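Participant: Here is how the chains run, residue by residue.
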Amino acid sequence: MSATPIAPHRPVWRRLIGFNMLTGLALGIGGWFLGAWIGGQMAVGHDYLLGTDQNDVGLYMGYLFGVIGWLVGLGFANYPIGRLLGRPPTLRHHETGSWTRYFRLCTDHKVVGIQYLFGVGIFFFIGGLNAMLMRTELLRPVEQAWPAGQYLTLLSLHGTMMIMMTSAFILGPFGNYFVPIMIGARRMAFPRIEALTFWLVPAAGLILMSAIAFGGIATGWTGYAPLADEGRAGMDAYVMSFILIAISLTLVGLNLLATILTMRAPGMSWTRLPIFVWSVLATSILQVLAAPVLVAAMAMVLMDRAANTSFFLASAGGSQYLYENLFWFFGHPEVYILALPGFGIVLEMLPVFARKPLWGYRLAVAGMLGVTLLSFMVWQHHLFVSGMNGSLRPFYMLTTELISIPTGFIFLNAIGTLWRARIRFTVPMLFALAFFFNFLIGGLSGVFLSDVPSDVTTHGSYFVMAHFHYTIVGGLVFAFFGAVYYWLPKMLGITLNETLGKIHFWLFFVFFNLTFFPLFAAGFLDMPRRVSTYAPSLQGLNDFVSASAYVIGISMLIFVANLIWSLVFVREPAAENPWASRGLEWQVPTPVPVANFDRIPVITSGPYEYGVPNAPPVADLAPSALPAAGS
Amino acid sequence: MTTIAGERMPRHGVRIIAIWLVLTAIAVPLIVLVLGPHLPPPRMSAEAGSQRDANTLMTALLVPIALLVVVYFVYSFVFFRQSGEAILDGPPIKGHAGAQLLWIVLTSAIVLALAVWGSYTLIAGAHGAGGGQGPDPASKPTGYRNALPVQVIGQQWEWTFRYPTYGGIETRDLAIPDHTLVAFHVTSLDVTHSFWAYELGVKADAVPGVDNIAYVKARHTGLFQIRCAELCGLWHGHMSKKGRVLASGAFQSWIAAAKTKNAAIVKYLPKYNRVYFPAPLRRAG
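Chains as they are written, first to last, in this note's numbering: chain D, 1 to 631; chain E, 1 to 285.
In case anyone wonders, no lab produced these hints; they're calculated from the structure. Just so you know, not all the hints are guaranteed correct.
[To be verified] Residues from chain D that keep clear of chain E, each with C-beta distances beyond 10 Å, as calculated:
| id | residue |
| --- | --- |
| 1 | A145 |
| 2 | R187 |
| 3 | L567 |
[Said to hold, decoys possible] Beta-carbon label-pair distances, calculated as ranges:
| id | chain 1 | residue 1 | chain 2 | residue 2 | range |
| --- | --- | --- | --- | --- | --- |
| 4 | D | A535 | E | V32 | 48 to 56 Å |
| 5 | D | A258 | E | S108 | 48 to 56 Å |
| 6 | D | W270 | E | L23 | 55 to 63 Å |
| 7 | D | G317 | E | V32 | 23 to 31 Å |
| 8 | E | G167 | D | G317 | 39 to 47 Å |
| 9 | E | A138 | D | Q41 | 51 to 59 Å |
| 10 | D | A307 | E | Y272 | 31 to 39 Å |
| 11 | E | L102 | D | E576 | 37 to 45 Å |
Given the structure is predicted, the values throughout are model-derived calculations rather than measurements. Backbone N, C-alpha and C define an ideal beta-carbon position, used for all residues, glycine too.
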């Protein structure tokens, strides 16, 4: 890899000057103060704000100008301005260079993938820390560690960090890094947009955390109006960060969709597409169609709070049902934005470690597309007891239960793939297998919630909380860590310590179940979600859960220790294909060259032909000439 | 590489099904007879009873499904594994049309049966099963016109109750008579709450500007737990109190006493209405 020729001669301090993260931060903070001042001038005499201690208009303008300053400082304005001035288009100068490219606008999809991996990882650990602090409060049934308002802020930040900042961006690290390589492309369809989607995430995260300084968030991650309308100024941070996240999700989806549809290498037919890429395709469709609805809902909350509209205020003609429907029309597809990449990751890993072809490939694709379609038809099951039109409830009960059919396909794929297999219990395989156990419990507990009579008791209780932690943590987060152990040798070129990996896995798996299974019982025993005080009779159960949750926290520290130990101190170089995988991403050198392939490969075979006699290699990496069009 | 000719293949499928059948035969009676009576909610009303039946039936149906998957996985871990340096490939089986069809048919049948049965309970069996059905309930129990109306008003952070047929008095305690159909009219003065009477099996969101109706008929006297099941701000967890199911005579004397106690203030209450629109929201902060 050839770095820019002047780079080695520049001293470190010189590299800090220019369009990078530091400049972005400086311009962002400056922009915030400018915007807040302009907003304050605009809102002078604003009726709604009289008598309150915060100025919503100022905050919104501050966040808006801050984001613009952040993006300009990172250099996102350079390209359009340069084009206006007549400079030729080029990407190269954004893709080469030293380690500093990880801290600035870089259009190499592999750099963006690693930026996502560490960015999302940081938010995952902040969200996890919030969970530890919440479990500390719940050690006793009375208020003890945190005042009620701080507890709600912790709870809301935990939910928003985990669902919006972390889980929703599961495509960030692995989709951006591996989809182009897996389909035999050199880059993503829109490299600058790809970089933009990442750099919006830290902006959204910083804005979200600024809520702590403005009175916190009292609504949980769902932000129900009219509670959001009356919330303190921290709600403005919630609204603004959700808008940024939704824009980013939409763009991620569009970019991946365009990449997969148009940039597959010759021979990469739909039936040879790796199953992970299929799951990315399905997720991208969901993101493109669902995330804009969240922007709309958030814009309405913003107007209600800053411009005295009344979309959600019943006393002025609005309706909170509008919010609930808009939010869940985004929110339920969002649940599958979290689930589908998990399906793809574990089905991608199973054939490699079972040493067999993926059993029922077409069924898996049908399952994922079926989930994609049905996920838009189930959202009102969140409103079963809300007073929605009662005649619709059997319909939503049916669609919600129907979605378990395509989800079940994924289990059949696993069952078939394991049949008479030769399983190797590597760390990624352990995570993939644990995914099925956890998701089984998560999915089956969802059947209780889909049944209206049962939902009357379980709705809004800890049962729901246990259910979606089983699907999101037990499903997605286990798949995520499986993917980290599986793909990190290719991404960072190092091998993670296997013993520490197994300790991480077993502590996480055992104590995850010990933490969340008892919470089904807590829900059955009438403990509502999102409370900091509860019935004294449930203290023993909650103490047990808190103790188990701390062990999950310790297991995560072991993972971090493993990562730092392997990445910084040992630096054992990874083999190019340590798992003997047939995947195209394992056939390229480590580290992956900037252009991925010397020549665009010609795909000659499917990726899961394990044990097939005389199976050709997955691709011809040095084709003498591109085949004629149409082949 | 797959199997050496002449080697006897163990009958994995038969073994797995046999283990599963034994475990299921043990688990299902335990669920129905031992766990079932402890599943929520307690049978204080017909509606709560239908919910417990739903929970018992689904547990008895879903645990065998979970067992099948778990037994299969654990079996495959024991018998379909390899260790050592050399990586051997398994047999290249890519699918089996019959198995896929069987799986689709079976899961579809289970899902459709659940949906039909759930809809029956909801519409004809338990009439909304204690859930809030909105201002115009789709499923009304017989005699709903003579149901005792009790208005439940949620506000930050307290429940109050109005009895329109007893002069519209407003109380901080909830009492209802047993063996009488009660129509809870749940509404809110500020943000969204959710009225949850655990033992009665009632849950209905309290939505500002909406009259959310839930029917319930208590089977016996006793106390029940009232909670809020929708995050409503700071003291969401404190919106809990005990309600009472009283015998008919005791209820009449309780309401008469409450009426006397209320007489001095009832004229200051807003006129009884299905919904209330207090002054627009102000910032809590």
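Participant: Look at each hint and say if it fits the structure.
Facilitator: Verification of the supplied hints:
{"no.": "1", "hint": "A145", "verdict": "holds, 14 Å"}
{"no.": "2", "hint": "R187", "verdict": "holds, 32 Å"}
{"no.": "3", "hint": "L567", "verdict": "holds, 26 Å"}
{"no.": "4", "hint": "D:A535 x E:V32: 48 to 56 Å", "verdict": "violated, 28 Å"}
{"no.": "5", "hint": "D:A258 x E:S108: 48 to 56 Å", "verdict": "violated, 35 Å"}
{"no.": "6", "hint": "D:W270 x E:L23: 55 to 63 Å", "verdict": "violated, 41 Å"}
{"no.": "7", "hint": "D:G317 x E:V32: 23 to 31 Å", "verdict": "violated, 51 Å"}
{"no.": "8", "hint": "E:G167 x D:G317: 39 to 47 Å", "verdict": "violated, 31 Å"}
{"no.": "9", "hint": "E:A138 x D:Q41: 51 to 59 Å", "verdict": "holds, 53 Å"}
{"no.": "10", "hint": "D:A307 x E:Y272: 31 to 39 Å", "verdict": "holds, 35 Å"}
{"no.": "11", "hint": "E:L102 x D:E576: 37 to 45 Å", "verdict": "holds, 42 Å"}
The structure is inconsistent with the numbered hints 4, 5, 6, 7 and 8, although it conforms to all the rest.
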